[in-house]
Amino acid sequence: MKKLVALLLTLLLVPVMIPAMAEGPTLRIAVDTNASADGLRAVIEKAREDIGVNVEVEIRPGGDEGDNLVKAWIAAGEVPDLLYYNSGSKLLEMDPANNFVDLTAYPHIVDRLADSFKGAVTVGDAVYGVPLTSSQAGAILYNKVIYEELGLEVPANWQEFLDNCKACADAGYYGLIGTFGTSWSSQVLFLGDYYNVVTGYPTFAADFEAGTAKYAITPSAVRSFEKYTEVIPYYNPDYVVATYEDGVEYLAEAKGAHWIILTQALQNIDSLYGRETVDEIGVFCVPADDGNNGLTVWVANGIYVNKNGAHVDEAIKFIEYYISDAALDVYANTLLANGPFCIKGYQMGDNAYAAVAKDMQAYFDAGTTYVAQEFECAIKGANCESICIEVGTGAISAEEAAAIYDDDCYKMAVQLGFNWD
Amino acid sequence: MKMKKRNPGSLAAEIIGWIVAVSLFVLPFLFVAFNSLKDRRGANKLNFTPPDVFHWENYVEVIRNNRYQILTAFKNSAEITFFSLIVLVGCSAMAGYIIQRRRTRVTAAANKLLLVGLMVPVSILPTIWLLRSLNIYKTLFSMVMIESALNLPFTIMLYRGFMDTIPTELEEAAWIDGCNKWAVFSRIIFPLLKPVTSTVIILNAVTIFNDFTNPLYFYPSNANVTVQLTIYNYISQFQSSYNLLFADVILITLPMLLLFIIFNKRIISGMVSGAVKG
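Chain order of the listed sequences is Y and W. For the first sequence, position 107 matches number 107 in this note's numbering, and the numbering has no gaps at all. For the second sequence, position 60 matches number 1060 in this note's numbering, and the numbering has no gaps at all.
There's no promise every hint is true.
Quick partial rundown of chain Y residues pointing at chain W, CB under 10 angstroms, derived from the structure [said to hold, decoys possible]:
no.	residue
1	A35
2	V57
3	I59
4	P61
5	E78
6	Y244
7	N268
8	A382
Hint data in this document are derived by calculation from the structure and do not stem from the laboratory. Even for Gly, the Cβ is constructed at its ideal location relative to N, Cα and C.
Next comes chain W alone, as it looks inside the complex:
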């Protein structure tokens, strides 16, 4: 690392930053990790102490619980996340491109509609009624559509913001070279959107993978269980098993944690470059 002269103020700020970060992110994680390795009696006390004996079998039990339910849950969550991302990236990139480049009354209206989409919450019963009348209730397709629809406005806004940073000259050059509309988008624009695409993928993957209420209402039944719903197996009014609960939490957090660590840099760059409003 390069040595730099620092003034004491920035050093203090950095220390405070570290303290805040550790107490917000590392300590809770440690708390969960510690308690996931205790026996049930120890974990139910919810103390912040390292376990005396490491009960790794908690993890085995969580995986085996309800006939390996957690594996089904991982499969379901992964499917929902994957297909929703395809829909989201495909639709939002195109929509963001058009909305930013074409300034007509239609796109202005679409812009307003996006804001509405951000503000209006999903209502459960009308949605279920709609899904049932379309005969797609309790199907993966409907779940993918719901997750996509809910995250679409925010995603389009990210893309639209990022489009501001792409100079129109590139497209003009492509037109002159004889590209058609489709080729301009797929060969020129979409590759340039890569930074924001990775941001979109990660943010949406985390949201959709960790979604609780929507799968609970719109995708019920044992076969359709998603990862967040498995937590409910371990907590109840009279008998809670916090050791298994925390082991479950660790297991279902891992995939997204890994994704985050690996793509951390890209998220930030995508966010920042999309943030500059033109």
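Looking at chain Y on its own, in the form it has when it is part of the complex:
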């Protein structure tokens, strides 16, 4: 019996090894489930025809599980040829200098990247990635049908926004949709208010990294947490447990008027409710107290080329093609954009969502946008979600939240090797 088992297992090795030798190079690209792969797949199809590079998509888990998996790949030297991963602060954790190809050697690629994105994939002097998706914003989605019915206007400042919430709540709608059941969504008000933090303190990110600026002692930063306490009366009754999926339903079915969320929700509303409904959704930024408004933008996550892979040249060829106008057209037709692409000189087609083409584009045209904090500052407290939920449910005050968040960031800063003492 032992012999039989041994024989069987040896035989098994044979079929495993055959496919590895069979064909020419097929690149592997690993993307997580949080990025819809439809657009990528469409570009890959086109790339096969246009430049003759074969790429195979591999879906990996997202979230913490995915982070662990990617770190295991890196430690084990098993990174696929092309890897999709966060840009901004999380890229640092991946030790990019040893794992990813520095694209500054390929100026025709780097020159295409918009500065906002380039900043998010630059570590030291090296630039590592190209954007997988369009950019998006952390902003307030609102239902235009309710606005029309109640005769409301897009608020010019924070007080007007609260008035609008109150008007909607009085009319029987949920003034503001909260979806703390999906914990990441609780942070969007805090993170999306970053434009206002920066207008109050232009060098905040740099000073914060240096350890001289703190949330608790910066008035415009404490203000972000105060906004949480001010909107509590207008939330839907189940806002503590409602999930992201509930939020989509409340907004699209006009049960709630406002939802502070990433604009990627538009794609989801589109696929669930159709084009007509999604065009009834508008976007405005988290308003400032003085009406000096601007949009906080999440630049896209990146595709990185594995430096130690066997097919670096083909992979470079592919990402070069990926950011060409032809490829972007294919992408944008498959998957409508949640915001502008981070590619210089690329003009989106005219089939974009109303919220993106009119509302968001207006901020970009006026130049009143700023990247979210995680793209310009390496330190983000690990418990940000929980702190936002605590302050958003009234369990702690805004000042307490700011102080707790400072402590939380201190731990992260120490871990990342910043000298904060």
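With chain Y's structure known, arrange chain W on it following the hints.
For chain W alone, coordinates are given in the frame of chain Y:
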């Protein structure tokens, strides 16, 4: 069914038992089944209501998704499960036999080692490093070895417990009749172990077939996908399709569910007879 007089206490206990069993096992299953037949918008609300229209095409879509990925996944999971079971049953039956029958210092040490095996979790990076240095990373062989190693201690303990119930006289008779060591085991002992073998097969088949983390880390790439990993295709931060997710869950639960229903009685008998410690 035979009529028996029951006292009201046992009747109440039985009713409570049924309620608990139904709410623990039947209701979740119904919830999954209902939602797997709704359209995406309906399923994403996660309500416990029967679907208005039956969307059987969810199942077709799940099967066709990613170029019939689920079929590859079934093949991979089945292979891993099958070969791991061969290794597990072969090694554990022999080990359990020896450990229970021979009381020497070596077997006592082996016993302690088994306990360690139960307690110490698998660490990912050292294992990957080891697999790579042996040049067997991402092979079916390594996956089979990992699954076998992880389930070996528990399986050996089941066998050892069951060996207690087999009288030594049978073996002595076999020795006298001229059997050698190998024949005693393969002709006398192993057939007697049948009840616990079926328990072992079913318990391990379910564990290995449903394993998620080990294939995720030790057996990556599209060609090596296993059934539990296919679930990840349908859930994400921004766009989840619970209808397809649940349809996938139903599809990949079915084989093990059938196995369980068919072998239900044997599992229990094997567990109970192994439980009496000598």
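Was the hint right that V57(Y) lines chain W, CB cutoff 10 angstroms?
This hint holds: V57(Y) lies near chain W, its Cβ roughly 8 angstroms from the closest one there, short of 10 angstroms.
Taking the least C-beta to C-beta distance, is I59(Y) closer than 10 angstroms to chain W?
holds, 6 angstroms
Less than 10 angstroms between beta-carbons is the criterion; does Y244(Y) satisfy it with respect to chain W?
holds, 8 angstroms
Against chain W, run the beta carbon of E78(Y) and see if the smallest gap drops under 10 angstroms.
This hint holds: E78(Y) lies near chain W, its Cβ roughly 7 angstroms from the closest one there, short of 10 angstroms.
Double-check P61(Y) for me: the hint is only fine if its C-beta lies closer than 10 angstroms to a C-beta in chain W.
Where the cut-off is 10 angstroms and the nearest Cβ of chain W is about 5 angstroms from P61(Y), the hint holds.
A35(Y) as an interface hint toward chain W, with CB separation required under 10 angstroms:
holds, 8 angstroms
Taking 10 angstroms as the limit, does the beta-carbon of N268(Y) come near enough to a beta-carbon in chain W?
It holds, given that the least Cβ distance between N268(Y) and chain W is near 5 angstroms, below 10 angstroms.
With a cut-off of 10 angstroms, does the beta carbon of A382(Y) approach a beta carbon of chain W closely enough for the hint to hold?
violated, 17 angstroms
Comparing the model with each earlier hint shows a violation of hint 8 alone; every other hint is respected.
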